[in-house]
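**Student:** One line per chain: the protein sequences are A and B, in this order. According to this note's numbering, the first sequence is numbered sequentially starting from 1. According to this note's numbering, the second sequence is numbered sequentially starting from 1.
Some hints here could point you the wrong way.
Distance windows between CB atoms, simulated [what the hints assert, rightly or not]:
(1) A:Ser-72 x B:Ala-173: 38 to 44 Å
(2) A:Glu-120 x B:Arg-96: 16 to 22 Å
(3) A:Arg-100 x B:Asp-163: 45 to 51 Å
(4) B:Thr-108 x A:Tyr-155: 40 to 46 Å
(5) B:Ile-174 x A:Ala-170: 38 to 44 Å
(6) B:Tyr-99 x A:Asn-175: 50 to 56 Å
(7) B:Arg-244 x A:Lys-51: 46 to 52 Å
(8) A:Tyr-155 x B:Asp-163: 42 to 48 Å
(9) A:Gln-97 x B:Pro-3: 20 to 26 Å
(10) B:Gly-206 x A:Ser-72: 38 to 44 Å
(11) B:Gln-5 x A:Ala-168: 23 to 29 Å
(12) B:Asp-30 x A:Glu-120: 42 to 48 Å
(13) B:Gln-28 x A:Ala-171: 48 to 54 Å
(14) B:Ala-102 x A:Ala-168: 53 to 59 Å
No lab work stands behind these hints, which were simulated from the structure alone. None of the values given here were measured: they were computed from a predicted structure. Note that the Cβ used here is the ideal one computed from N, Cα and C, for glycine as well.
Below are the chains, spelled out letter by letter.
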Amino acid sequence: MNAITMRITDSATPALELLRDKMSPKKLHAGIATAVKRLVQAHLLGLGRNKRNWPTTNFWPRAAKSTSADWSEESATVSINQIGVAQRYYGGWIKPQTRRALTIPISPEAYGKTASDFPEAFLVNTKKGAYIVQRENKRTNAHLQFLFKLSKGVYQDPDPNVLPAETAIAATAINEVERNLEAALS
Amino acid sequence: MTPFQQALQHLGAKAILPTSLDSAGLRQLDAGLRRQSFFSAETVLDGYLQRAKATVESIINPTEETRVNDQGETVSVAVGYNPASAREALRNELARLGYAPAEDIAGTIKDLSSDARLNLVVKTNVELAQGAGHFVQQNDSDVVELYPALELVRFEQRDQPRDWEQRWRICAAIANDPQALAAMELHGHMAALKSSAIWQALGDYGDDSLGNPYPPFAFNSGMWTQDVGRADATAWGLVSPGQRAAATGFDLGSLFLQNRRRA
Chain A
1 MNAITMRITD SATPALELLR DKMSPKKLHA GIATAVKRLV QAHLLGLGRN KRNWPTTNFW
61 PRAAKSTSAD WSEESATVSI NQIGVAQRYY GGWIKPQTRR ALTIPISPEA YGKTASDFPE
121 AFLVNTKKGA YIVQRENKRT NAHLQFLFKL SKGVYQDPDP NVLPAETAIA ATAINEVERN
181 LEAALS
Chain B
1 MTPFQQALQH LGAKAILPTS LDSAGLRQLD AGLRRQSFFS AETVLDGYLQ RAKATVESII
61 NPTEETRVND QGETVSVAVG YNPASAREAL RNELARLGYA PAEDIAGTIK DLSSDARLNL
121 VVKTNVELAQ GAGHFVQQND SDVVELYPAL ELVRFEQRDQ PRDWEQRWRI CAAIANDPQA
181 LAAMELHGHM AALKSSAIWQ ALGDYGDDSL GNPYPPFAFN SGMWTQDVGR ADATAWGLVS
241 PGQRAAATGF DLGSLFLQNR RRA
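The shape of chain B in the complex, shown without the other chains (with noise of 0.2 Å):
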């Protein structure tokens, strides 16, 4: 098995961040300490944090082991957590660190230790981890030329879709890229180069952005990027023929750097 180099490395690089800021004031916090910290709102729990972080490797990274069974035979066995059996490991080291909620809070998302807290965790982390690696890879330079653009597409469907089509409106004028809306006006494509200031304009548009120009854009969001290859991406007027392809100008290094200072 190839491991996701890019997404293990970006997690790999990430420090452990205990706070005791809530959501809106980790928001606050620089975009790129976020980026380069694993953290949760209100939690200290330092252990806890090391556990989240293995975990979410394990599921990112999932390997193979050899070994022998009741029966005495050799076996080649998966190894690696999945959505649920990581939501009980968490709930474990949680119980085991002697975690236990505030009657007011229990149950909810400020339970550590609540389904929507420990799902959101999982999820959010992973997603950051691989959007990362995804982000590094389209825009290699092997890559750029070839694939100038990136789509912008749903993975997830939703009960409740947020307006992603006016999200895009409102971050292409934000961006000051006519052809990103364009090319969803005309061809019905969410679509822009990857040297567009859209792309990070999405990652800090509202709320519930996460402040990174690569996937997830949002809290629980189900959109996802493509490579638009050079065709598709001329048809759709992003580029001239014969134009030369810019890679994103986010510097992808900074992706890997470990962080030490301390929220």
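With the rest of the complex left out, here is chain A (with noise of 0.2 Å):
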């Protein structure tokens, strides 16, 4: 009886190895962490001006710059290293460490600002509570103008709209490793 022989010759493994050089894990994860930090980037820049239309400190626009990308053979990260954010995403108590009481803005003019910025500025006891003000016209003593109210502290809701959706997040990285690794394999 004629013997049948077959011959296996390996094609997969030098087709593999010249994935790996062209795409490897690090690249991989270079790619997701910009992609991602992209993604990141523009959802900031997209939530737009404080609720009160009151002149912009450019918070998110900040936010924006100071998200940075690193990433490793195991690992791609994204991350905002801004003062404010996480807490607005966690939520959670906001108390003074080093005075005695916040001073949440209520107008204006004192959004971005604190009560060190008006230097005439005093303090003033009402039954609705503690506030800085300072006055309006500085001749007549006329007219207060409220610009701070004082607080032993407030409470934020958790935000997740600040960061996008853990499925855009999730997608944008599945979408950046099969474009990298088709574009390598073509």
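Please assemble the complex out of the two chains, which come individually in their own frames, going by the hints.
**Tutor:** Below you can see the structure in the form of structure tokens.
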């Protein structure tokens, strides 16, 4: 009986090695980190102005500039290094640490400022609480402009909209991997 | 929290540069010297500059500390300045050093303690560190092949924006980069390869420029850059399919060299 001979040539290993050379895990993670950084920056820029439409402090554009990427063989990381962002995302209590009270801005002029930005301001105690005020008209002492309300602490609800949805982040990462693997294979 | 390492390292490498030079005089200095120094026009107070640099670092790198509050609870506290508290801290430092502006400049941009001056010092130096950090990340060899180009985009709105499209046209000509010009004129994107000389041209253009091939390209600018993927770069005519991409020709290592010269 004639024998049937089959010869199997390993063509997969060279192709896989070529793929690995072109697209190492570190490079894949670099692509993912860069793609997700762009997604996060675009999301932050889309969060818009403050709710009261007071003069902007550019909080979200600044957060976008502070968004950085990091990558290694093992992982891809995107970080937003700006104080206040995590507080808004996770929520929780904001309490004074170095002063006796927080100063909550209650006028457009005070937004994005501290009490020290108003050297002629002074404290007024009322039935509704304590306020930092300044005189609108220095000559006549008439009319007080209320700048800040003093507070022992405020509670912020968590806001998951601070970041893109996890599904969007995952989709971005997966699309990036697929696109780059396809390019490497072609 | 993962720090923005490249921004921190660039800021950390800057040597304090007390100087009596005004803005025009500082512009005459070598761009490399300026890039490697922490300075402010007509500011000779070494201690104040040290404090300003530390304040900028705190904004770029907020940290977390564990503390025990008045109720005896262990809590995690975010530590770092924002622009308003940074302004307050620097104003206090100037007062502590006995600084008082001359009458004719009080309240103006020349007054080191004015809001305008403090905001400019903080904003410019934070953004210079972040811009350098992003520039290093964008030009990493792992990234360039996947994202061969950058796009100049607006991050912050301005009441009176500069004419960036005109700047782009002029700088594309200076850089001899017709593809960058075409990307804007034909596709509506101010985009160019990372290796293009247009980025340095943008940093050198005009009296308000800062001399760097990365944002901020000019004082108080709201413009920034973002990575452009290969598909978009190809669609906008910046790179051919399969064409290899190159990183910037700028010496990235110089962003982390400590400068010991004085001006």
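**Student:** Next step is simple, just say for each hint if it's right about the structure.
**Tutor:** Structure-based check of each hint:
1. A:Ser-72 x B:Ala-173: 38 to 44 Å: holds (41 Å)
2. A:Glu-120 x B:Arg-96: 16 to 22 Å: Since Glu-120 (chain A) and Arg-96 (chain B) have Cβ atoms about 21 Å apart, the given range 16 to 22 Å holds.
3. A:Arg-100 x B:Asp-163: 45 to 51 Å: Holds, since Arg-100 (chain A) and Asp-163 (chain B) (Cβ atoms, about 49 Å apart) stay within the stated range.
4. B:Thr-108 x A:Tyr-155: 40 to 46 Å: Once the Cβ atoms are compared, 41 Å apart, the range 40 to 46 Å for Tyr-155 (chain A) and Thr-108 (chain B) holds.
5. B:Ile-174 x A:Ala-170: 38 to 44 Å: holds (43 Å)
6. B:Tyr-99 x A:Asn-175: 50 to 56 Å: This hint holds: roughly 54 Å between Cβ atoms.
7. B:Arg-244 x A:Lys-51: 46 to 52 Å: Given about 48 Å between the Cβ atoms, the range holds.
8. A:Tyr-155 x B:Asp-163: 42 to 48 Å: holds (46 Å)
9. A:Gln-97 x B:Pro-3: 20 to 26 Å: holds (21 Å)
10. B:Gly-206 x A:Ser-72: 38 to 44 Å: Distance hint for Gly-206 (chain B), Ser-72 (chain A) holds at roughly 40 Å.
11. B:Gln-5 x A:Ala-168: 23 to 29 Å: Since Gln-5 (chain B) and Ala-168 (chain A) have Cβ atoms about 26 Å apart, the given range 23 to 29 Å holds.
12. B:Asp-30 x A:Glu-120: 42 to 48 Å: Given range 42 to 48 Å: holds, Cβ gap about 44 Å.
13. B:Gln-28 x A:Ala-171: 48 to 54 Å: holds (51 Å)
14. B:Ala-102 x A:Ala-168: 53 to 59 Å: holds (55 Å)
Every hint, counting from the list given before, is met by this structure.
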